[in-house]
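A.B. asks: Given chain P's structure and the hints, the job is docking chain E onto it.
Take a look at the letters that make up each chain.
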Amino acid sequence: MANRPTCKTKDGRKERKRKIYHAAFRFGLRSKRRKIQPVKMVKAVVGEESQLKLIEDRLSQSGLPVQLGLVVGKLSSPLDRGFVFDLVPTPPNDAGEAACSLLESVKDDKEKGTKSRSQAAEVSSLFIDDDWVAEHARQVARMLVGGVGVVGIYIWVSSDAFKNSTIMLYQLLQTIKGVAEATPVLETDREERLLIHICYSPMRWTCRNCTWTSNITSSSLRPCDFKMGRVLTSLQTFKCTYNFNLSLPICHESASNVQTLRDVLRQGISHHAKELKDAKAIIDGNLVVGDEPCTLDGVHEVELLLPFMKDSNAEACSRKDALGVLVFNGSVCSFAYLNSKEPISQAVSDIKMDIIMSLQSRLDIICDEAYGDVGPKDDASPEASDGISTNKPVSQLVLHFLRKECSLSFPRRVFVPWLAGTYICDYLQPSETLEVLKDHCVELMSMEGPTDASTILKPEIEAPSLVTKSFWDVAAPFYSASSFPFGDDMEEGRDLDNSQSSVKLSNKLVFIG
Amino acid sequence: MIGAVTDLNNTREVQFFRTRSENSRSLELVTSVVYDEHPEKHIWETGCLLRCELPIRLPVYFPAKNWPDAEKMYLRATEAVVAKFKDPQVVYVVETLSKASTGVPQPVILRGIELDFDTALSNIKLLGKDAHDSDPKFLSCAHFCLKSKSDRPILSAENADIIQLSVLLNSSEKSEKSSSPVAEYIPALEEAGLLAVNFKLGVLCYAAKEIPVMYAVSKLIIPGLVDQLNSMKNVILPNLLTKHPQLCPYHFNPPGVLHPITVIYELNYGETEMKQVDIRKSLHLRLGLPSDRPLLRIANALDFSTTNDSARNDTIRKGSTLLKDVHVGIPISGVPGGIVSLIQGSYEYYHYLQDSFNDSGWGCAYRSLQTIISWFRLQHYSSIDVPSHREIQQALVEIGDKDASFIGSREWIGAIELSFVLDKLLGVSCRVINVTSGAELPEKCRELALHFENQGTPIMIGGGVLAYTLLGVDYNEASGDCAFLILDPHYTGNEDLKKIVNGGWCGWKKSVDSKGRSFFLHDKFYNLLLPQRPNMV
Chain P
232 MANRPTCKTK
242 DGRKERKRKI
252 YHAAFRFGLR
262 SKRRKIQPVK
272 MVKAVVGEES
282 QLKLIEDRLS
292 QSGLPVQLGL
302 VVGKLSSPLD
312 RGFVFDLVPT
322 PPNDAGEAAC
332 SLLESVKDDK
342 EKGTKSRSQA
352 AEVSSLFIDD
362 DWVAEHARQV
372 ARMLVGGVGV
382 VGIYIWVSSD
392 AFKNSTIMLY
402 QLLQTIKGVA
412 EATPVLETDR
422 EERLLIHICY
432 SPMRWTCRNC
442 TWTSNITSSS
452 LRPCDFKMGR
462 VLTSLQTFKC
472 TYNFNLSLPI
482 CHESASNVQT
492 LRDVLRQGIS
502 HHAKELKDAK
512 AIIDGNLVVG
522 DEPCTLDGVH
532 EVELLLPFMK
542 DSNAEACSRK
552 DALGVLVFNG
562 SVCSFAYLNS
572 KEPISQAVSD
582 IKMDIIMSLQ
592 SRLDIICDEA
602 YGDVGPKDDA
612 SPEASDGIST
622 NKPVSQLVLH
632 FLRKECSLSF
642 PRRVFVPWLA
652 GTYICDYLQP
662 SETLEVLKDH
672 CVELMSMEGP
682 TDASTILKPE
692 IEAPSLVTKS
702 FWDVAAPFYS
712 ASSFPFGDDM
722 EEGRDLDNSQ
732 SSVKLSNKLV
742 FIG
Chain E
6 MIGAVTDLNN
16 TREVQFFRTR
26 SENSRSLELV
36 TSVVYDEHPE
46 KHIWETGCLL
56 RCELPIRLPV
66 YFPAKNWPDA
76 EKMYLRATEA
86 VVAKFKDPQV
96 VYVVETLSKA
106 STGVPQPVIL
116 RGIELDFDTA
126 LSNIKLLGKD
136 AHDSDPKFLS
146 CAHFCLKSKS
156 DRPILSAENA
166 DIIQLSVLLN
176 SSEKSEKSSS
186 PVAEYIPALE
196 EAGLLAVNFK
206 LGVLCYAAKE
216 IPVMYAVSKL
226 IIPGLVDQLN
236 SMKNVILPNL
246 LTKHPQLCPY
256 HFNPPGVLHP
266 ITVIYELNYG
276 ETEMKQVDIR
286 KSLHLRLGLP
296 SDRPLLRIAN
306 ALDFSTTNDS
316 ARNDTIRKGS
326 TLLKDVHVGI
336 PISGVPGGIV
346 SLIQGSYEYY
356 HYLQDSFNDS
366 GWGCAYRSLQ
376 TIISWFRLQH
386 YSSIDVPSHR
396 EIQQALVEIG
406 DKDASFIGSR
416 EWIGAIELSF
426 VLDKLLGVSC
436 RVINVTSGAE
446 LPEKCRELAL
456 HFENQGTPIM
466 IGGGVLAYTL
476 LGVDYNEASG
486 DCAFLILDPH
496 YTGNEDLKKI
506 VNGGWCGWKK
516 SVDSKGRSFF
526 LHDKFYNLLL
536 PQRPNMV
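Sequence lines, in order, name chains P and E.
Okay, so the first sequence: first residue is 232 according to the numbering used here, each after it adds one.
Okay, so the second sequence: first residue is 6 according to the numbering used here, each after it adds one.
Excised from the complex, chain P in its bound form (with noise of 0.2 Å):
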């Protein structure tokens, strides 16, 4: 690192600093907490004792000189605490490389020559590929669900090797960055991930944690109590199904503002994300008003209150000559996990997170795709003049342009147990397989495909083939095309009384259920 003009007192104290860091850092010691702390961090970390044993005994099994990987689990600020539920290394590069491995080199030829342990070991630097380990964790948290998710790195190698290097220490660093990067955690200007350390000879866990704003720094780590426990058996599972069903208007731009069907997609999710930000959640037909933990056990049901009749979608192009209109409907299954000494509220902020990570990480996923499939794109021509260049994803057509009915079928979650009895996820288009699935788990998860197919939960039926419709009976919902210009308005008041009564029918059959 550079040396930077700092006053001598300032120096001093840094210096002072890192020893205790290091001296904390080699005994396990936990350092003085400070009397003010400006920002609730974690400051002990409990990791899921029965799985972490597993991976130890399988890394110290291995021979490996080092590895590294994501650290799947939960920061929780209101209770200062993390929690540990899984270890995934992350797999070899696309050139086979491993993601990380440990450079020895040496300072100058002369120490070459008496080229001793412990004076190896002090030079000695990793490479990583940074640039992996994020795509990694941008993978893996497209896995998890609510209340879960890639909290840090760990990395296997030897004591020695780690307490001397700080060059390690800062690659360490970037890496962590990286992953944040790739796993944002929405509403929060402040990153905070684990570093995990585990050394043999002897054998140890410790964990620091890493806050920083902008910059990352040594000095953004703070060295956290580390322990193991159970994690997993004490988690609550929180369950919501969330029907939704947005009109986005395509309206008149100037045309520097046009705009691909992946990109109104994307603005109306976050504007939805602010949204559902603010709904009310009824938990297990209570609604949620206080901040106490759930004390029951068995799935919990959330329903989701949204504003009534406030559509906010609307305004964005009031008066503006409406080109046409984007229908986003459907379902999406989501799924949270609280820890139980957790506020209650938090599981309906993780519930309504897992909805929109999952929207974005299905929109995504389509959008990968069709760049992996169509080479090159020269987005400078504009389309034929319906809009509709040859070869072009659907993703990326403009709608402005566009004099065609088009649909984008998002794919379906399905879900697949994991840990203790929890689940992860994963997306299907609809020509995928569960081989599909299987090659995932096994690859990103470094976990054992599910064998037996009855055990992945498909709550969400594939999405239906586009309806024709036009555009009045998409736009003016209440408005029969038949009915148009206007019929019997006593005929449609009836139909509408049947309509209703079944749907209550069928509803009061779920709830005896």
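No wet-lab data here; the hints were simulated from the structure.
Just so you know, these numbers come straight off a predicted model, no measurement behind them.
Don't take every hint at face value.
In silico negatives: residues of chain P with every beta carbon more than 12 Å from chain E [unchecked claim]: (1) 274; (2) 310; (3) 397; (4) 463.
Label-pair distances were calculated between CB atoms; the ranges are [what the hints assert, rightly or not]: (5) 19(E) to 521(P): 50 to 60 Å; (6) 330(E) to 521(P): 53 to 63 Å; (7) 483(P) to 278(E): 35 to 45 Å; (8) 432(E) to 483(P): 46 to 56 Å; (9) 543(P) to 19(E): 48 to 58 Å; (10) 164(E) to 516(P): 50 to 60 Å; (11) 528(P) to 111(E): 55 to 65 Å; (12) 521(P) to 164(E): 23 to 33 Å; (13) 543(P) to 330(E): 40 to 50 Å; (14) 543(P) to 244(E): 20 to 30 Å; (15) 516(P) to 7(E): 32 to 42 Å; (16) 521(P) to 432(E): 45 to 55 Å.
Every residue gets a Cβ at the ideal spot worked out from N, C-alpha and C, and that includes glycine.
C.D. replies: This is chain E only, laid out in the frame that chain P set:
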């Protein structure tokens, strides 16, 4: 429905008739009528208010080439909203609106699917006070009313039990087929326009506490919302394609009316614009309210905010430490057989040294003026801030009464200056009564009593000596015995009501006290400034 008939020629007895149902054409005579001396007690002890605020934003697409269709589209869209109120997916959240943080009942949710719209209101089974049922369907309104009433003896709409209702849409309704998301783009084949129409609904309903809350929703709140939506819809319709009127409902509880009323104002117009003034005038007329009391201005509206020091209260007076209505509860004047005539409405007590401003020895008339202006503010005749000494001086310079050097000086002002300032800042005109000696003041008591009866404004007493504010007179016409309710601006202490009353800074003064001393000096002249209540609403 209940109707009443009275025979003006004979007995003047009022007879009441009622119909059993909405469609019934037969009238029945009501045989037992109870006349209650305090009807408000009955009303607020057995009933409560239901409040529901609901902002709605509707997108209305319309064919650009066929504008009349825009209106039809718009009407259909509002019809769809009306139908949606009864949708099984709608959820009504019922909660107690209360300032208290403890002992408030938990909110309850009512699902649209559980609501009963068919039972006639007269057939609804009322629930007794002791009805306990965990099923929200059978909870009465009383469940949401606070049990302890001892600390709130004044029964009025403002202190009534208020149940707040929120209308929300359940987006997690279970369904057989939850299909994964799909995005479909449908282009408009003909030119189309899009309007966003906003409705700001806000209804207030009165419900007997024994009514099950689910019927209060289906029979009171929803019809109320539908009515309001329809009336707003009709006002917006002619301006659909231009600037929409900004309609906003306000609730009022004017004196003499037992129940609150709701008025929808168009906020695109300023409150003092003639159009709005005319609307208020006609409302006053229709409700039988006096035509010189502003009772239906937005500032008069019922305030349901649950925070104790809401932003609105703050704006009345920055750091509102001033005492209001200090004369309430002071010892009686002791005039035998006297008739008390007092100012009507609230004022704030302004006196020496307030706001760390040292005006001792010269600022008493300024302080009296501030008290008077606070009265006009609190009666909603004006919304200007109470002026400081400097601002008062500024006003006098601006009208040319004083030279520029007057600003920042410590010169006294008198009743005449006060009348100039009241005219300039509030447009209020004043009557002035001159007496050449304090001894003549008791003779003016009848006139002053009449002022308090008819105008009800605070009077400033100025003249050769100290300035006072006069809040009332106690006068025995037969004996001529009288006392004056004086608010003295010369008080220099802190805002301590006890100290003010015990020190006689606000109290009844007889013109000659028991020790034979005269309150009004016989060798000095006095000017009495009687501000006239503006004839406006």
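A.B. asks: Looking back at the hints listed earlier, which ones does the structure fail to meet?
C.D. replies: 6, 10, 11
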